[in-house]
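J.: Just so you know, the protein sequences line up as chains A and B, in that order.
Just so you know, we're using the numbering used here here: the first sequence kicks off at 3 and counts up by one.
Just so you know, we're using the numbering used here here: the second sequence kicks off at 264 and counts up by one.
Quick caveat, the hints were computed from the structure, so don't treat them as lab data.
Check before you lean on any hint, since a few could be wrong.
To be verified - Straight-line Cα separation of at most 20 angstroms, EDC-like style, residue types lysine to aspartate or glutamate; simulated pairs: (1) K57(A) <-> D330(B); (2) K327(B) <-> D12(A); (3) K364(B) <-> D348(B); (4) K290(B) <-> E126(A); (5) K8(A) <-> E306(B); (6) K144(A) <-> D86(A); (7) K378(B) <-> D86(A); (8) K379(B) <-> E63(A); (9) K320(B) <-> E7(A); (10) K372(B) <-> E306(B); (11) K60(A) <-> D330(B); (12) K326(B) <-> E52(A); (13) K372(B) <-> D117(A); (14) K41(A) <-> E7(A); (15) K379(B) <-> E80(A); (16) K9(A) <-> D330(B); (17) K8(A) <-> D186(A); (18) K372(B) <-> E52(A); (19) K290(B) <-> E45(A); (20) K372(B) <-> E61(A); (21) K320(B) <-> E61(A); (22) K327(B) <-> D20(A); (23) K22(A) <-> D86(A); (24) K320(B) <-> E45(A); (25) K290(B) <-> E66(A); (26) K290(B) <-> D198(A); (27) K65(A) <-> E306(B); (28) K8(A) <-> D297(B); (29) K23(A) <-> D74(A); (30) K57(A) <-> E306(B); (31) K327(B) <-> E190(A); (32) K42(A) <-> E331(B); (33) K290(B) <-> D348(B); (34) K189(A) <-> E209(A).
Stated by the list, open to error - From chain B, some residues computed to sit far from chain A (all C-beta separations above 10 angstroms): (35) D270; (36) P278; (37) C279; (38) D284; (39) M289; (40) K290.
For each residue, glycine too, the CB sits at the ideal point set by N, CA and C.
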Amino acid sequence: MIVAEKKPIDEIIGFVRDCKKILVVGCNECVTVCYAGGKKEVEILASALEMAFMKEGKELEVKEVTLERQCDHEYLEEIRNIIDEYDAVISLACGVGVQFMAEKYFRTPIYPGVDTLFMGVTEERGVWAERCQGCGQCMLGKTAGICPVSRCAKRLFNGPCGGSTKGKCEISKELDCAWQLIIDRLKELGRLDDYDELIAIKDWSTERAGGPRRLVREDLQP
Amino acid sequence: MRLTYPDSIRIIRLPCTGKVDVIHMMKAFQRGADGAYVVGCLEGECHFLTGNLRAKKRVVYTKKLLDEIGIGGERLEMYNIAASDGPRFAEVAKEMHERIKALGPNPIKGALQNKKAA
Chain A
3 MIVAEKKPID
13 EIIGFVRDCK
23 KILVVGCNEC
33 VTVCYAGGKK
43 EVEILASALE
53 MAFMKEGKEL
63 EVKEVTLERQ
73 CDHEYLEEIR
83 NIIDEYDAVI
93 SLACGVGVQF
103 MAEKYFRTPI
113 YPGVDTLFMG
123 VTEERGVWAE
133 RCQGCGQCML
143 GKTAGICPVS
153 RCAKRLFNGP
163 CGGSTKGKCE
173 ISKELDCAWQ
183 LIIDRLKELG
193 RLDDYDELIA
203 IKDWSTERAG
213 GPRRLVREDL
223 QP
Chain B
264 MRLTYPDSIR
274 IIRLPCTGKV
284 DVIHMMKAFQ
294 RGADGAYVVG
304 CLEGECHFLT
314 GNLRAKKRVV
324 YTKKLLDEIG
334 IGGERLEMYN
344 IAASDGPRFA
354 EVAKEMHERI
364 KALGPNPIKG
374 ALQNKKAA
């Protein structure tokens with residue numbers, strides 16, 4: 003999932019300081035699962051904003067909506083009939099949803115309510131960690147299912163660097179060395195010979211280095 | 264026991280403090296409460312095992328949020344009192360009553376009253 007966390011309330015108040023009527027829009031997907039931008043967080047933000055405005059002697063009308071997704075036309079269309087009634091929108095979706103809404107509703111200011119962090123997993127309740135950087139050419143088949151792009155600080159492809167100590171990375175004692183994990187798993191799988199195979203230089207043009215990416219599937223196009 | 268406690272306290276009964284969510288505490292203040300406190304069973308004695316521990320974390324979170332929006336986190340508190348401990352219940356009620364009295368009314372009270380009058 004895409005992991006996000008709520009923005010400081012001060013920053014959000016700053017966005018809508020001069021508004022009278024706003025729409026707070028949540029998203030039912032990733033940000034709901036990581037407790038940053040689902041229906042519950044929409045309610046809490048709306049309540050906090052109303053109180054913050056009242057305290058300043060101002061009135062703010064907040065409408066709460068939570069869409070199934072904010073990265074698809076069909077769900078974003080659900081607010082087309084009401085969006086013009088509002089001075090601004092705070093979207094609690096990831097950066098993708100905020101942008102797609104801004105593209106679609108050109109005349110309404112759309113502000114982010116969360117900081118989008120990474121693509122990751124729920125390691126345990128309340129703890130999320132990065133697992134993928136969307137490099138466009140998955141290496142996991144060669145690295146025992148553990149990604150050196152997202153989990154090695156140096157993105158090394160042929161074994162650990164000198165900073166790997168007792169299975170931990172030199173940037174933090176909490177962080178596992180990705181290559182230690184890869185070697186341990188290769189051993190477990192009885193495939194340690196794979197470690198001898200050199201991984202060739204990676205083509206980074208499929209990652210962000212090649213500019214913003216796009217995928218076209220003609221077979222699916224209308 | 265015939266104990267008394269301040270009449271400013273309104274009790275909302277819940278099956279367990281684990282049911283208390285951030286939004287419930289926020290709504291209390293949004294509707295004009297000057298203060299609120301959550302009373303759970305003693306730690307380690309929750310019938311549902313961890314309900315009161317969860318409530319405690321949510322109270323801490325909400326206190327921070329109330330601080331951030333200028334309502335003041337000190338208006339919210341969590342207490343753990345045994346169901347059989349009536350004297351402590353009355354004592355806590357007095358304690359919170361005094362604390363909130365010293366803090367004064369909820370900062371949005373004026374705005375709420377103007378809204379009602381309009």
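J.: So, for every hint listed, does it hold in this structure?
T.: Structure-based check of each hint:
Annotation: proposed proximity of K57(A) to D330(B) holds, straight-line Cα distance about 12 angstroms (limit 20 angstroms). Of the pairs offered as hints, the one joining K327(B) and D12(A) holds, with about 13 angstroms between alpha carbons and a cut-off of 20 angstroms not exceeded. In summary, the hint linking K364(B) to D348(B) is not supported, as the alpha carbons are separated by about 25 angstroms, beyond the 20 angstroms threshold. Restraint check for K290(B) and E126(A): not satisfied, since their Cα atoms lie roughly 29 angstroms apart, outside the 20 angstroms limit.
Distance hint between K8(A) and E306(B) is unfulfilled; the C-alpha atoms sit about 30 angstroms from each other, more than 20 angstroms. For the proposed pair K144(A) and D86(A), the alpha carbon gap of about 51 angstroms is over 20 angstroms, so the pair is violated. Distance restraint check for K378(B) and D86(A): the Cα-Cα separation of roughly 25 angstroms exceeds the 20 angstroms cut-off, and the hinted pair is therefore not satisfied. For the hint pairing K379(B) with E63(A), the CA-to-CA distance comes to about 15 angstroms; that is within 20 angstroms, so the pair holds.
Among the hinted pairs, K320(B) with E7(A) is consistent with the structure: their alpha-carbon atoms are about 17 angstroms apart, no more than 20 angstroms. Using a Cα cut-off of 20 angstroms, the hinted pair K372(B) and E306(B) is violated, with the two alpha carbons roughly 34 angstroms apart. Under the criterion of a C-alpha separation no larger than 20 angstroms, the hint pairing K60(A) with D330(B) is consistent with the structure, at around 19 angstroms. A hinted pair counts as satisfied when its Cα atoms are at most 20 angstroms apart, and K326(B) with E52(A) qualifies at roughly 17 angstroms.
Of the pairs offered as hints, the one joining K372(B) and D117(A) is violated, with about 32 angstroms between alpha carbons and a cut-off of 20 angstroms exceeded. As the CA atoms of K41(A) and E7(A) are separated by approximately 14 angstroms, the hinted pair is consistent with the 20 angstroms bound. Of the supplied pair hints, the one linking K379(B) and E80(A) is violated, its CA atoms being roughly 32 angstroms apart against a limit of 20 angstroms. A distance of roughly 15 angstroms separates the Cα atoms of K9(A) and D330(B); the hinted pair therefore holds under the 20 angstroms criterion.
As the CA atoms of K8(A) and D186(A) are separated by approximately 36 angstroms, the hinted pair breaks the 20 angstroms bound. In summary, the hint linking K372(B) to E52(A) is supported, as the alpha carbons are separated by about 13 angstroms, within the 20 angstroms threshold. Annotation: proposed proximity of K290(B) to E45(A) holds, straight-line Cα distance about 10 angstroms (limit 20 angstroms). Proposed proximity of K372(B) and E61(A) is supported: the alpha carbons are some 13 angstroms apart, at most 20 angstroms.
Between K320(B) and E61(A), the direct Cα distance comes to roughly 31 angstroms. Violation of the 20 angstroms bound is thereby established for this hinted pair. A hinted pair counts as satisfied when its Cα atoms are at most 20 angstroms apart, and K327(B) with D20(A) does not qualify at roughly 25 angstroms. Taking the CA atoms of K22(A) and D86(A), the gap is near 13 angstroms; set against the 20 angstroms cutoff, the hint holds. A distance of roughly 19 angstroms separates the Cα atoms of K320(B) and E45(A); the hinted pair therefore holds under the 20 angstroms criterion.
Note on K290(B) and E66(A): the hinted pairing holds, with a Cα-Cα distance of about 15 angstroms set against a maximum of 20 angstroms. The suggested pairing of K290(B) with D198(A) is violated, with an alpha-carbon distance near 61 angstroms, which exceeds 20 angstroms. The suggested pairing of K65(A) with E306(B) is violated, with an alpha-carbon distance near 39 angstroms, which exceeds 20 angstroms. As the CA atoms of K8(A) and D297(B) are separated by approximately 26 angstroms, the hinted pair breaks the 20 angstroms bound.
A hinted pair counts as satisfied when its Cα atoms are at most 20 angstroms apart, and K23(A) with D74(A) does not qualify at roughly 25 angstroms. Proximity of K57(A) to E306(B) is assessed by CA-CA distance (about 35 angstroms); at most 20 angstroms being required, the pair is judged violated. Proximity of K327(B) to E190(A) is assessed by CA-CA distance (about 46 angstroms); at most 20 angstroms being required, the pair is judged violated. Between K42(A) and E331(B), the direct Cα distance comes to roughly 19 angstroms. Compliance with the 20 angstroms bound is thereby established for this hinted pair.
For the hint pairing K290(B) with D348(B), the CA-to-CA distance comes to about 29 angstroms; that exceeds 20 angstroms, so the pair is violated. At roughly 30 angstroms between alpha-carbon atoms, K189(A) and E209(A) are farther apart than 20 angstroms, so this suggested pair is violated. Listed as a non-interface residue, D270(B) keeps its Cβ farther than 10 angstroms from every Cβ of chain A; the least gap is roughly 26 angstroms. No Cβ of chain A comes within 10 angstroms of the Cβ of P278(B); the nearest lies about 19 angstroms off, and the non-interface call holds.
With a minimum CB-CB distance of about 18 angstroms to chain A, C279(B) clears the 10 angstroms threshold, and the non-interface call stands. At roughly 7 angstroms, the least C-beta separation between D284(B) and chain A is not larger than 10 angstroms, which violates its mark as non-interface. Consistency note on M289(B): stated as away from chain A, yet its beta-carbon is not over 10 angstroms from all of that chain's, at 4 angstroms minimum. A Cβ of chain A approaches the Cβ of K290(B) within 10 angstroms, the least distance being about 6 angstroms, so the stated non-interface status is violated.
Of the numbered hints given earlier, the model fails hints 3, 4, 5, 6, 7, 10, 13, 15, 17, 21, 22, 26, 27, 28, 29, 30, 31, 33, 34, 38, 39 and 40; all others are met.
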